[in-house]
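**Student:** Now for the letters of each chain:
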Amino acid sequence: MKLTLWTYEGPPHVGAMRVATAMRNLHYVLHAPQGDTYADLLFTMIERRNHRPPVTYTTFQARDLGADTATLFKTACQDAATRFQPEAMIVGASCTAELIQDDPGGLADGMGLSIPVIPLDLPSYQRKEGFGTDETFFQIVRHLAKPTPRTEQITANLIGPTALGFRHRDDCTEVTRLLADMGIGVNVVAPLGASPSDIARMGAAHFNVLMYPEHAETAARWLEREHSQPYTRTVPIGVGATRDFLAEVARITGLPAREDSARLRLPWWTRSVDSTYLTGKRVFIFGDGTHVAAAARIAREEMGFEVAGLGCYNREMARPIRALARDYGVEALITDDYLEVEAAIAALHPEMILGTQMERHIGKRLGIPCAVISAPVHVQDFPARYSPQMGWEGANVIFDTWIHPLVMGLEEHLLHMFRDDFEFHDAAGASHHGGQHVPAPATSSVPSDDKGATATPVAAGDAGSMPAEAAPPAAVAHTTPELADPTAILWLSDAERELKKIPFFVRGKARRNTETYAAQRGVTSISVETLYEAKAHYAR
Amino acid sequence: MTARGCTNTPVLKERGQREVFCGLTGIIWLHRKMQDAFFLVVGSRTCAHLLQSAAGVMIFAEPRFGTAILEEKDLAGLADAQTEIDREVARLLARRPDIRQLFLVGSCPSEVIKLDLARAAERLSAEHAPHVRVLNYSGSGIETTFTQGEDACLAAMVPGLPQTEAKELLMVGALPDVVEDQALALLAAMGVGPVRCLPARRSADLPAVGPNTVVALTQPFLGDTHAALMRRGAQSLSAPFPFGEEGTTAWLQAIATEFSVSPEVFEAVTAAPRARARKAVAAQAQDLDGKSVFFFPDSQLEIPLARFLTRECGMTAIEVGTPYLHRELLASELELLEEGPVLSEGQDVDLQLDRVRTARPDLTVCGLGLANPLEAEGLATKWAIELVFTPVHFYEQAGDLAGLFARPLRRRNLLSGLAPRVEAAE
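These protein sequences, in sequence, are chains A and B.
Quick note: the first sequence uses my numbering, first residue 1414, plus one each step.
Quick note: the second sequence uses my numbering, first residue 253, plus one each step.
Hints are computed from structural coordinates only; laboratory data are not their basis.
Glycine included, each C-beta is placed from N, C-alpha and C at the ideal position.
Any given hint might turn out to be false.
[Claimed, not checked] List time: in silico DSS-like cross-link candidates among lysine-lysine, alpha-carbon distance up to 25 angstroms:
hint, chain 1, residue 1, chain 2, residue 2
1, A, Lys-1913, A, Lys-1948
2, B, Lys-531, B, Lys-366
3, B, Lys-265, B, Lys-634
4, B, Lys-265, A, Lys-1487
5, B, Lys-366, A, Lys-1415
6, A, Lys-1948, A, Lys-1914
7, A, Lys-1777, A, Lys-1922
8, B, Lys-325, A, Lys-1415
9, B, Lys-531, B, Lys-543
[To be verified] Footprint (simulated), chain B over chain A, 3 or more residues, beta carbon under 8 angstroms:
hint, segment
10, 1438 to 1448
11, 1452 to 1461
[Claimed, not checked] One side of the interface only, derived from the structure: several residues of chain A facing chain B at Cβ under 10 angstroms:
hint, residue
12, Tyr-1470
13, Thr-1484
14, Thr-1488
15, Ala-1493
16, Gly-1525
17, Ile-1528
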């Protein structure tokens, strides 16, 4: 047993639903109690889908358990086949039905339905949603893909996009354009938008573009083995990765890598002087392995950030993410425990988080700006506008998305210049960044005899317009006492006043560096001297 | 209109696929109401995912609910589940010293493997007494539908309530504090007292119960709690539920009669809020008058709400579906609901969808899984879960309650110039 407050992933049958709901003319008969129907709303509400997910739940009740749940399942199968007339069905059990061991696959097999019925074996007490998507898609492909002659033109299948994916809809469009620029057509996109008959003709493609390894790597490997289709290893998120992707496609197809990046703006936007302030911003990256790996590369090579920490919640990606972290000189955090992630962020106090909706909430609490880069998704992650992550337009979108939570460079300088203006001071709070950040009251880093005199103005002065600095590390320590450094370092009031004179957009860094410097030397109270010694020490 | 309304209307009973929440969902509002309680679900990752999805957003770093997720080793008998529960509870309580009541909540998997949570609760209660009381109930989907989780929770509290001989009014049902305070103020103004509430906001304020306790349910889905209180000797009031001006007045009147409040006092206390409620409802009813409504089963609030919409807002009910029809508790409601609508109990969602497509009501009240798909078919919908999460009881909320139904219709009118091209989400 393990206590869980919030989860990054649902159970594996929700993964199967993501595949089924993405497809057309496929039906999922799920042996499950009535409560499991909640999963429908993930699709109809979060994704605003206009159709019910193609799922029939047997919704057995306690009184059925002593009777005949197997018949209940068979009736549900028959009714679904008759009513929805699917080209194929997948059948399986949710966590509760797994315990009653009715064997949905065997039952459906014995019914002699005229359509292919694909049994799913998704161990609910061992695996999670990501496994569910990957395994379900693999089983569908394994059962339905037929040997087919290759298309005359060079074509690819785009595999991995599912329902409830992070920007999957738009990524498909973008990757299709990238391939079209090289003269490559798309044979089948799957599972998103594919019918079972589309799956049957997947073998006609010359290779597969594995868009999301989380959802389709097993299928990609199988297709490579059984249908001699190579697949791409590079996920084209970011400028560098997109170029590498095109080079990889060129290697696979023998076609020249053609790049039509006229619409790519990120390189200039990130080089323009307004972006100077992004230099060395410390970011913490967390999400699914694929998006984290992509984000880390963009952060370092294309935004000029410093990756302060990274990790992923899906254990399937633990190995590559650990290797990646070594390359970045940080330790990977592989966990699906939300509280561990929060503790890691609080301890690192990055200037920005690139994470999931979960980290967005952590960021709100800690006063750290956050941009969302990965599932699990929220209704906000399904914008009406075209908003891919992959390809050239994806890079543009990522640039905008990541800097949006931050204050622009020039704006930041102006804010600082006018910070003592009577109607434009720090304590007036943020004008347009999600409401006022109320500074923490007296903190432990202020000498107690000084509290009344100094603490309040210092705290008020710290309430800058920039969320990153609005909550100084001391405030973090204040709200999460268990994370506080046991050897509390005191700021003498002179030093605290001096710190206030430092522009607020670097004040957090100055505070942190000074405290680290003091801690390393066993200094317990920080004077103006300590502050400038630390500044000299860290000067580069 | 017959004097007996829908009392003798035959009920369409259906057993097929049900599109409803399980009883665990109630934890979302129960944990906000009971401020020193923690709800520990013993279940699967699905349970945790449901709670998270139903809660919508994660506002709290450490919410006062969580799931002890059963793992392979628990099922294979490699780990002793009772020991595992003890360990997780000890860890939880050490981390959260503010917790005074802990509910071990059974789920589908824990019920199927017959995990004895009652035994665990008893043992843990002894271990952590007097600081923490540990109770258990089942919110599993194989036994409970949506609001029945609250019923099971409150019913589990009843045996442990202290005994009293005092004549007291016990208001039962987890209402938002603002709404509960309004009711308490009205009752106080009438001189009715003392009034206790179940659940209480804090465990120190738990009510007592005995033969002179008068029970007034504020929610129609509390059948087991009601029965448990009757077993403790309490007396029951029969009244419509306090939705809308009419329901609120009738509910208060039943209490006033029981507590011998004079008609003059009753009139003096209720006249102004009644007038306000009527005015507020009338404003919203302009959009509802003459329109038809179809209820999918969800919360067991359907029959009282159909009564409110037909009698105070001028709507016509086509079908009133409810997950479970408790005739005894709803007797007064059924009398008031004019004959005409189909009353259905249970569900076969595909058949019910066929009926709603044929009937094409002006407004369909349904769960979140059905709302957008039906909108895409051109039907205006009201998602039912909002009726449970929003303050809708008593006079001051009567207008808001009507507004919840009127808003989707008003919105449709406002957007009528937009071509109804509905795009698939993918």
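**Student:** Give a verdict on every hint.
**Tutor:** Hint check:
Among the hinted pairs, Lys-1913 (chain A) with Lys-1948 (chain A) is consistent with the structure: their alpha-carbon atoms are about 15 angstroms apart, no more than 25 angstroms. Only pairs whose Cα atoms come within 25 angstroms are accepted, and Lys-531 (chain B) paired with Lys-366 (chain B) is rejected, the gap being roughly 53 angstroms. Using a Cα cut-off of 25 angstroms, the hinted pair Lys-265 (chain B) and Lys-634 (chain B) holds, with the two alpha carbons roughly 24 angstroms apart. Under the criterion of a C-alpha separation no larger than 25 angstroms, the hint pairing Lys-265 (chain B) with Lys-1487 (chain A) is consistent with the structure, at around 22 angstroms.
Distance restraint check for Lys-366 (chain B) and Lys-1415 (chain A): the Cα-Cα separation of roughly 19 angstroms lies within the 25 angstroms cut-off, and the hinted pair is therefore satisfied. A C-alpha spacing of about 14 angstroms is found between Lys-1948 (chain A) and Lys-1914 (chain A), which places the hinted pair at or below 25 angstroms, so the restraint holds. Proximity of Lys-1777 (chain A) to Lys-1922 (chain A) is assessed by CA-CA distance (about 19 angstroms); at most 25 angstroms being required, the pair is judged to hold. The suggested pairing of Lys-325 (chain B) with Lys-1415 (chain A) holds, with an alpha-carbon distance near 11 angstroms, which does not exceed 25 angstroms.
For the proposed pair Lys-531 (chain B) and Lys-543 (chain B), the alpha carbon gap of about 19 angstroms is at most 25 angstroms, so the pair holds. Under a criterion of three residues with beta carbons nearer than 8 angstroms to beta carbons of chain B, the stated coverage of the segment 1438 to 1448 of chain A is upheld, 3 such residues being counted. A count of 9 residues in the segment 1452 to 1461 of chain A with a Cβ less than 8 angstroms from any Cβ of chain B is obtained; the coverage claim is therefore met, three being the minimum. The restraint placing Tyr-1470 (chain A) at the interface with chain B holds, with a minimum CB-CB distance near 6 angstroms, inside the 10 angstroms limit.
Below 10 angstroms, beta-carbon pairs count as interface contacts, and Thr-1484 (chain A) has none with chain B, the closest being about 13 angstroms; its hint is therefore violated. At about 9 angstroms, the closest approach between the beta carbon of Thr-1488 (chain A) and any beta carbon in chain B falls short of 10 angstroms, and the interface hint on this residue holds. Proximity of Ala-1493 (chain A) to chain B holds as hinted, the smallest CB-CB distance being about 9 angstroms (cut-off 10 angstroms). Given the 10 angstroms rule on beta carbons, the hint for Gly-1525 (chain A) is violated: about 23 angstroms separates it from the nearest Cβ of chain B.
Here the hint on Ile-1528 (chain A) is broken, as its CB sits about 19 angstroms from the closest CB of chain B, past 10 angstroms.
Hint compliance for this structure: hints 2, 13, 16, 17 are not met, and every other hint is.
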